[in-house]
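Student: What follows is each chain in one-letter form.
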Amino acid sequence: MKVLVAGEKPEQVITTANYAKSLNPAQVVAAAFKPFTENELAMLGGAGVEKLIHIPEKYLASGAAASAAALAELVKKLDPALVLIYASKKGVEICGRLAQRLDAAYASEAFAVEKGEKGFVAKRLVLGGGYVATVSLNSKPALASVKVSASETSQGMKPAVEEFDPGIDAPAVEVLETIKPEKTRVDLEKASLIVSVGRGFKKKEDLSLAEELAKLIGAEIGCSRPISGDLKWLEEERHIGLSGKRVRPNLYIALGISGQVQHLVGMRDSKTVIAVNIDPNAPMATESDYYFVADLYKILPLTIEILKKKLGS
Amino acid sequence: MGTYRMMSRTMPDIVVCVKQTVDVYQLKPHPETLAPQLSQAQWKNSDFDLNAVEEAVRIKEKSGGKVVVVSVGPEVKQLLVRECLAMGADEAYILSDPSLAQADGAATAKALAAVIKTASPKWDIILCGEASLDQNAYQTGPRLAEIFNVPHVSYVNKLEVGDRVLKAWRAVEDGVEVVSCSLPAVVTVGLEINTPRLPSLLMIRAAQKKPLKELSLNDVGLTKDDLMPRAETLEVKALKTERRRQVFEGKVEELAEKLAERIIAHMGGRR
Ligand SMILES: Cc1cc2nc3c(=O)[nH]c(=O)nc-3n(C[C@H](O)[C@H](O)[C@H](O)COP(=O)(O)OP(=O)(O)OC[C@H]3O[C@@H](n4cnc5c(N)ncnc54)[C@H](O)[C@@H]3O)c2cc1C
Chain A
1 MKVLVAGEKP EQVITTANYA KSLNPAQVVA AAFKPFTENE LAMLGGAGVE KLIHIPEKYL
61 ASGAAASAAA LAELVKKLDP ALVLIYASKK GVEICGRLAQ RLDAAYASEA FAVEKGEKGF
121 VAKRLVLGGG YVATVSLNSK PALASVKVSA SETSQGMKPA VEEFDPGIDA PAVEVLETIK
181 PEKTRVDLEK ASLIVSVGRG FKKKEDLSLA EELAKLIGAE IGCSRPISGD LKWLEEERHI
241 GLSGKRVRPN LYIALGISGQ VQHLVGMRDS KTVIAVNIDP NAPMATESDY YFVADLYKIL
301 PLTIEILKKK LGS
Chain B
1 MGTYRMMSRT MPDIVVCVKQ TVDVYQLKPH PETLAPQLSQ AQWKNSDFDL NAVEEAVRIK
61 EKSGGKVVVV SVGPEVKQLL VRECLAMGAD EAYILSDPSL AQADGAATAK ALAAVIKTAS
121 PKWDIILCGE ASLDQNAYQT GPRLAEIFNV PHVSYVNKLE VGDRVLKAWR AVEDGVEVVS
181 CSLPAVVTVG LEINTPRLPS LLMIRAAQKK PLKELSLNDV GLTKDDLMPR AETLEVKALK
241 TERRRQVFEG KVEELAEKLA ERIIAHMGGR R
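Here the protein sequences line up with chains A and B, keeping their order. No gaps in the numbering here: position 117 of the first sequence is 117 in the working numbering, and each next residue is one more. No gaps in the numbering here: position 5 of the second sequence is 5 in the working numbering, and each next residue is one more.
These are computed hints drawn from the structure, not numbers from a lab. Remember, it's a predicted structure, so these values are computed and weren't measured experimentally. You can take every hint at face value.
Partial list, computed: chain B residues near chain A (C-beta under 10 Å):
1. Val24
2. Leu27
3. Gly105
4. Tyr138
5. Ser154
6. Arg170
7. Gly175
8. Ser182
9. Thr188
10. Glu232
11. Glu235
12. Lys237
13. Thr241
14. Val252
15. Leu259
16. Gly268
The calculated DSS-like cross-link candidates involving lysine-lysine, where the alpha carbons are at most 27 Å apart (straight line), are:
17. Lys44/B - Lys158/B
18. Lys237/B - Lys245/A
19. Lys271/A - Lys237/B
20. Lys215/A - Lys258/B
Where a beta carbon is used, it is the ideal one built from N, C-alpha and C, also for glycine.
Just need the whole structure built from these sequences, with the hints factored in.
Tutor: In C-alpha cells, the structure reads:
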C-alpha cells in the first residue's frame with residue numbers, strides 16, 4: 001500500500017507523514033510546495049518517507065485550484081491507495097477541489113484514519129463537534145485532510161528529492177497582501193494552564209479579573225468565540241472551540257462560559273476542568289470536574305486574594 | 001476600497017447555496033446508543049449560509065443585480081427558504097430527494113451544480129457558508145468551483161465586488177490574506193463577515209409573493225445514481241467525557257476558599 005502525504009508547510013508534511021506511519025504502509029511519498037531545510041528533510045526521513053516530491057511553489061501561490069490541479073497530476077502518476085493532506089485551512093480547500101477533480105471519496109478534517117474491511121475509514125467531528133462520525137472511504141485513491149497533532153519526531157535517512165512540474169493551468173487567485181496579526185503569537189495548544197473567559201463578563205475592562213488570576217498561577221488566557229469574534233475583546237487566536245483552537249491543558253478554568261457544544265470541542269481533552277457560572281444548569285456543569293455556582297464578579301476577587309496569600313505573592 | 005466601488009458597473013447575478021440542518025444546539029444523544037436523536041430535532045438554516053445570504057443582499061443593495069437562493073436536501077422546508085427570501089433574496093429553487101439524506105460533499109455539490117445550471121446558468125458569484133452547522137466539512141464551495149472550473153476564495157470575512165472582479169479578505173492561520181480574482185467565482189464566508197438581518201414582518205409578508213420553485217431530479221437532469229455518496233457514513237455517536245461533575249453551591253466566601261484550593265491542587269508544579 002502506497003500513501004501520499006502533503007501539506008502546506010514542511011512541518012505539516014512531517015506531522016502527516018508521522019501519522020501515516022500508524023497505517024503500516026509499504027511506502028510513503030511526500031509532496032510539498034515549499035522547500036525543506038536539511039533538518040526538515042531528516043525529520044521527514046525519520047517519519048519513514050522515502051521520496052519527497054517538490055511541486056513548484058507557484059502552484060500554491062496561485063491558489064487552491066492550481067494546487068489541486070498539480071496534486072491531481074501527481075496522484076495520477078503515483079497511483080497511491082491513500083492521500084493524506086494536513087488540514088490547515090489551505091490544505092482543506094485544496095483537498096476539496098482535489099477530491100472533486102479525482103472523483104474520490106473524501107473526509108475532511110479527520111482526526112483518525114484507519115484501515116477498514118472495504119477500504120479506509122476516517123473519523124471526524126460532526127453536529128457541532130459533540131459527535132464522531134465514522135466514514136467509509138472506498139475509492140482508490142481515498143482522500144482525507146487530517147487534523148492530527150505533531151508526535152515525537154526523530155531524524156532519519158534523508159529522502160530523495162524529485163521535482164515535479166505538471167505544467168497545468170487553473171483558475172488563479174492573486175494574493176495582494178498578507179496582514180499578519182499584530183500581537184505576538186500565543187501557543188494555547190501547548191499551554192498547561194488556561195483561564196478561559198466567556199460572555200459572563202459584562203465589559204472588556206472586567207477581563208482584568210481573569211488576567212489577574214491567570215498571572216497569579218501562570219496561565220494563558222483563552223476565550224469563547226463571542227469574546228474574540230463578536231466583541232473583539234481578545235485576539236482571534238485565543239478563541240477555543242470548533243472554529244478556533246483545540247487545547248489540552250492540565251487545568252482549564254472556564255469563567256462565565258455556558259459550554260455550548262462548539263466550545264466544548266476545543267477544551268474536551270483538558271485533564272481537569274473547573275468552571276464558574278452563575279447558572280447551576282448551564283451545559284458546562286456536566287463537562288466540569290468542579291463546577292462553582294457563583295457570580296464571577298463576587299467570587300473572583302475573593303479567590304484572587306486567597307491565592308495571593310497561599311501562593312505567597 | 002474606493003476604486004473597487006467606482007469600478008462596479010456590472011449588476012452581479014448572485015447564487016447563494018443554503019443548507020437546512022438539524023439545530024445542533026438542541027440535539028440530544030440517545031442515552032444508551034449515543035446516536036443523535038435526529039427525529040426529534042428542529043431544523044434551521046445553517047448559520048454560515050445565512051451570513052452568505054446577508055452578504056449577497058448587501059452586494060445587491062450596493063450594485064444591483066439579483067440574488068437567487070438554492071437549497072438541496074432530503075426534505076427542504078419551504079418555510080425556511082422563505083426566511084432567506086424575507087432577508088432580501090429575489091427567488092429560490094429547491095431540490096428535495098430522499099437520496100440526499102446520505103449525501104456526502106460530492107453528491108451535495110453535484111446536486112447544487114445541477115440546480116444552478118438549470119435555474120441560474122448565467123451567474124457571476126456563488127456564495128456559500130464556509131462549512132455547515134451539521135457536517136462542518138468545508139467542501140461545498142471548493143467542489144462547486146471545481147465543477148464550474150472557476151476560482152474560489154474561502155474563509156472570507158470581508159468582500160468587495162467590482163466590475164468582473166472581486167477583492168476579498170480571508171482569514172487563514174498566518175493572518176488575513178487580501179486576494180483578488182476574476183468573476184465568475186465562488187466565495188465561502190465565515191461567521192465574522194456580517195450579522196444576518198432579522199427580517200421585519202413587512203419583509204416576511206413580501207417574501208410570500210416571491211418565486212419559490214421546487215425542482216425534481218428529472219428537471220435538473222440527474223438520476224438517483226448520480227447522487228450516490230463516495231464517502232459513506234457508517235455511524236454517528238456522541239462523544240462522552242468522563243468528569244467528576246462535583247457542584248459547589250453556597251456562600252461565596254466559602255466557595256472562593258474551595259475554588260482556590262482546587263486551583264492549587266490542579267495547577268501542577270508551576271511556581
Ligand atoms: C458554526 C459555529 C461555530 C462556532 N464555533 C465556536 C467556537 O469555536 N468556540 C466557541 O466558544 N463558540 C463557538 N460558537 C458559538 C457557540 O455556539 C456559543 O454561542 C458560544 O460558545 C457561547 O459563548 P459563551 O459561553 O461565552 O456565552 P453564553 O452562551 O452567552 O454564556 C455565558 C455564560 O455566562 C454565565 N454568566 C453570566 N453572568 C455571569 C456572572 N456574573 N458570573 C458567572 N457566570 C455568568 C451565564 O450563565 C452563561 O452560562 C460557534 C457557533 C457556530 C454557529
